[in-house]
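Chemist: Build the complex from these two chains, which are given one at a time in their own frames, with help from the hints.
Note that the protein sequences, when read in sequence, are chains D and P. Counting from 19, one number per residue, gives the positions in the first sequence under my numbering. Counting from 19, one number per residue, gives the positions in the second sequence under my numbering.
FYI, nobody ran anything at the bench for these hints, they're computed from the structure. By construction, the Cβ of each residue, glycine as well, lies at the ideal position given by its N, Cα and C atoms. Treat the hints loosely; a few may be bogus.
[Unchecked claim] What follows is a list of derived Cβ distance ranges for each label pair:
1) A209/P <-> L285/D: 45 to 55 Å
2) S114/D <-> K263/P: 45 to 55 Å
3) H42/P <-> L285/D: 52 to 62 Å
4) G39/P <-> I132/D: 33 to 43 Å
5) S39/D <-> H42/P: 49 to 59 Å
6) S114/D <-> S168/P: 28 to 38 Å
7) R142/P <-> L281/D: 35 to 45 Å
8) L281/D <-> S168/P: 29 to 39 Å
9) S114/D <-> D50/P: 38 to 48 Å
10) S114/D <-> K33/P: 27 to 37 Å
11) S114/D <-> S63/P: 23 to 33 Å
12) S260/D <-> N167/P: 52 to 62 Å
13) S63/P <-> I102/D: 43 to 53 Å
14) L93/D <-> K32/P: 53 to 63 Å
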Amino acid sequence: MNYRIYRKFKNFMFLVLTLVSALAVLIPLFMIIQFVLVQGASSLSLDFFTQLPKPVGEVGGGMKHAILGTIYIVLLGAAIAIPIGVTCGIYLSEFSKSKLSKTLKMTVDLMSGIPSIVIGIFAYLVVVVPLKSFSAFAGAIALSIIMLPIIIKTSEEILKLVPNHIREAGLALGLPRWKVILFIILKGSVSNLLTGMILAISRAAGETAPLLFTAFGNMYLSYNMNEPMASLPVQIYTYAISPYKDWQRQAWAGAFVLMVLILTMNLFARFILTKIKDKKGI
Amino acid sequence: MPNLNDAKVILEAKKLEAWFGDFHAVKGITVDYREKTINAIIGPSGCGKSTYLRCLNRIHEEIEGARTAGEVLLEGKNIYDKKVDVVDVRRRIGMVFQKPNPFPSMSILDNVVIGLRLQGISKRSTLLETAEVCLRKAALWDEVKDKLNSLGTSLSGGQQQRLCIARALAVNPPVLLMDEPTSALDPIATAKIEELMNEIKKEYTVIIVTHNMQQAARISDFTSFFVYGNMIEHGLSADIFTNPKEKQTEDYISGRFG
Chain D
19 MNYRIYRKFK NFMFLVLTLV SALAVLIPLF MIIQFVLVQG ASSLSLDFFT
69 QLPKPVGEVG GGMKHAILGT IYIVLLGAAI AIPIGVTCGI YLSEFSKSKL
119 SKTLKMTVDL MSGIPSIVIG IFAYLVVVVP LKSFSAFAGA IALSIIMLPI
169 IIKTSEEILK LVPNHIREAG LALGLPRWKV ILFIILKGSV SNLLTGMILA
219 ISRAAGETAP LLFTAFGNMY LSYNMNEPMA SLPVQIYTYA ISPYKDWQRQ
269 AWAGAFVLMV LILTMNLFAR FILTKIKDKK GI
Chain P
19 MPNLNDAKVI LEAKKLEAWF GDFHAVKGIT VDYREKTINA IIGPSGCGKS
69 TYLRCLNRIH EEIEGARTAG EVLLEGKNIY DKKVDVVDVR RRIGMVFQKP
119 NPFPSMSILD NVVIGLRLQG ISKRSTLLET AEVCLRKAAL WDEVKDKLNS
169 LGTSLSGGQQ QRLCIARALA VNPPVLLMDE PTSALDPIAT AKIEELMNEI
219 KKEYTVIIVT HNMQQAARIS DFTSFFVYGN MIEHGLSADI FTNPKEKQTE
269 DYISGRFG
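Chain P on its own, in the form it takes in the complex (with noise of 0.2 Å):
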């Protein structure tokens, strides 16, 4: 197995802060990601996780008084500079959410090309191999294959999480976040996704939420403990949840806190 330490950086936070109002939700982060790697990201609720992780895609600017401080580098270019289109970030920086969030009234083939298309992208040929492609990606393609032009919203929940993976997938961007993917999902489902992360591990860098412990030690190469805004540890999946260097970690690893 190559040194994971070894693969090139292609996501670093820098003293990364974020606030809603007065509240200070993250506070100064620095951490680097590695190219096709999986990145969980643990810790108690409301421990500024899932904010940290919308930080990383100017998401959380959307929401009404939130605000952001530090730098994040996506290939080594600041997302947060002034110079630089958030539309371009977002594209380059996908995000799959908790809650499966098909789009109304849209097929599952619309659904997955709707970003290319409305990229300006429209020749049907195109469209139908990317959906293709990016559903099978998602393991979803031989569901769905002979029902594309069902409503999106007609499937099931785990089905629809996988959807919205594809669709995440369909504009291409090299960093995937996923928010807490697994959640609304039971174990079956869960299973399914994981498996497929193992996949697209192989073309895209993944950050992921979780609040399943497991999970993060089963699928991800490195893992980042959060608590209250600050990040206590960072390392290796394998280091940290078999050997934690900070006492906080292992307590909350071995279920003593959180």
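So here's chain D without its partners, still in its complex pose (with noise of 0.2 Å):
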């Protein structure tokens, strides 16, 4: 009797084990949720969105050019990062028997480990340093390398979830490889491979240690890719270890502005995947 009583208790000790891990898991993501809900929504205006930062000591101002930025730069680094990565993600899944691939698998997985400081400063040695210049095009840059490995790898992955029975139909139908790849292939992966790029982006939008060092950052608007440009996650950075109080409330209503944008960017994508599956027809 007293041993099924300390079975039960031993038993009941673990489930309150594991509930207790589980909500250590959720109690810091609930806190950053409700801190920057609360402190940022409350910091924002429309000013926010509209204004260009004010003079220190003055009131009021805004991080248009921040939002702006970190959209332009994101959207420059996912253009050079997405045509390469799933290029090779295809290579990796489609042609995967060579000595190569062993070695590019090996350098993806080696990549997406690389500190994302330690990428910046390649950038700011491999791009800043030779034009001479912190640009926006650094930026983008670094962004790019962290993009890369998230998006060979998803393009990878889901490239091999498709059965080899389609590809055999493709080449049966007297299609070169290369068609069968691209329009039947690719073709029938192509919402999740947006998936892929979207993981890719939310992530190197939310990047800051990679853009102190390219991109720089700036308190104009400015849509030149050879100059610094600000970015919103070293807006917040700048913003929040200054010692003016505005600066600080308004680094919050960044923090809140960049995790919408991201949530947004997420479901935006979402809406075109459905979109996507919905077409159909000639």
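Modeler: Structure, rendered in structure tokens:
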């Protein structure tokens, strides 16, 4: 009898242990959301989206330049990383018998483990130093390096999900391999591939470290990719560590906007996905 | 009934061999196929029927470690000749697989015309016309004519397989290979496919691997019996099923082995 109670007690304790761990994961997540929501949303105003920063001491101003800058740099980075990444994923999934592909796979795994600050320094040395200027372009390069391993890995895995008999069916129709890959395998996986891209973009959009040494940031609106450009993460960082109350308040607003931006991107992509899935016919 | 043995030979295998790595799956098959006939290949599981069939349109070589030797002559020309483009071979020798495999995220219409479209034919009226003709040949037109834009994968298994037949017919290959096309289907779907095979036989030569001996007896003009990579017997189905020459064939078709 005693033994049975002891056994039940052990069982119960184990349940409590797993439950506590689960809560321990949830609590910080909810706290982040709550902090950013309460602090950020309350500091938000229309000015935040439409105004440029005011000089120190003056209250008000916004982060229009950083919001647009982030979108600009991230899209530029994606434009570099997506074609290379997807093509690379095709190579790994469709022609994966060569030695090169083994090396490539290992490189991709290593790449995804490189700290983002190291990528920032790398982009600094490779782009900023030779061009003698911080630039949005350098920032885009750094972000594209962050996106690449994610896009390559997801593309490879998604294409490998396509069963082999689909490839054979295409080849048996007398279609060259490249057409089978592009117009049958890839076409059938578009929606899944997009998910991988969005994953990569949202990861890169929140990065601060690689932009500190590359896009650097500024206080005015710029669309010149050869010049420093502001971005939300860097702007948040700069404002958050400043001693000014108003800037700190704006940093919260920035964090809120960044979160919402990434979230909207995800939702928007999902919306496109369903559109693609619904689109049928010739 | 005209003598089937007098019909023109369209496809010939000569000492055809195939390997998977070290495994010798097909051992020196020599046989010819007459134009506009249905040719069944029967035999126990794992005896190299499918591998043999896959050598006839050179899809076997797509598997890693796969190898072939010997010749396959399509209208007198060896498809394994170095000068021959494998893409041309497959355009002229179509294939239907065991599992229905319509292309994902593609409409019924797209599935049928994809072969033509990727060959560069983009005129909508031509594509629509071909789609209708091929879907009719595959006995699927009446069931799908009102939903050509629905996904191919939304159809039932039997319909999907007929869609795959229409897709293969759309590139208009004189020879059609079928690898157990009905083994994943129920009896009604199977009956539909057997029915349509009798129709497409008027224009195409069909070589079909089947596990179902009744099916072979019902639909085929010629039957080959395979065991462990060897062809034991080949002849008119009427002869094979009523009066086989070889003891092994007789044992197999009477259910004593296999």
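Chemist: Look at each hint and say if it fits the structure.
Modeler: Hints and how they fare:
1. A209/P <-> L285/D: 45 to 55 Å: At 49 Å between Cβs, range holds.
2. S114/D <-> K263/P: 45 to 55 Å: 48 Å, holds
3. H42/P <-> L285/D: 52 to 62 Å: 57 Å, holds
4. G39/P <-> I132/D: 33 to 43 Å: Taking Cβ atoms as reference, G39/P and I132/D lie about 39 Å apart, which means the hint holds.
5. S39/D <-> H42/P: 49 to 59 Å: 57 Å, holds
6. S114/D <-> S168/P: 28 to 38 Å: 34 Å, holds
7. R142/P <-> L281/D: 35 to 45 Å: Roughly 41 Å apart at Cβ, these two residues keep to the hinted range, so it holds.
8. L281/D <-> S168/P: 29 to 39 Å: 33 Å, holds
9. S114/D <-> D50/P: 38 to 48 Å: 39 Å, holds
10. S114/D <-> K33/P: 27 to 37 Å: Once the Cβ atoms are compared, 34 Å apart, the range 27 to 37 Å for K33/P and S114/D holds.
11. S114/D <-> S63/P: 23 to 33 Å: Given about 30 Å between the Cβ atoms, the range holds.
12. S260/D <-> N167/P: 52 to 62 Å: Distance hint for S260/D, N167/P holds at roughly 58 Å.
13. S63/P <-> I102/D: 43 to 53 Å: Given range 43 to 53 Å: holds, Cβ gap about 46 Å.
14. L93/D <-> K32/P: 53 to 63 Å: Once the Cβ atoms are compared, 60 Å apart, the range 53 to 63 Å for K32/P and L93/D holds.
Hint compliance for this structure: no hint is broken.
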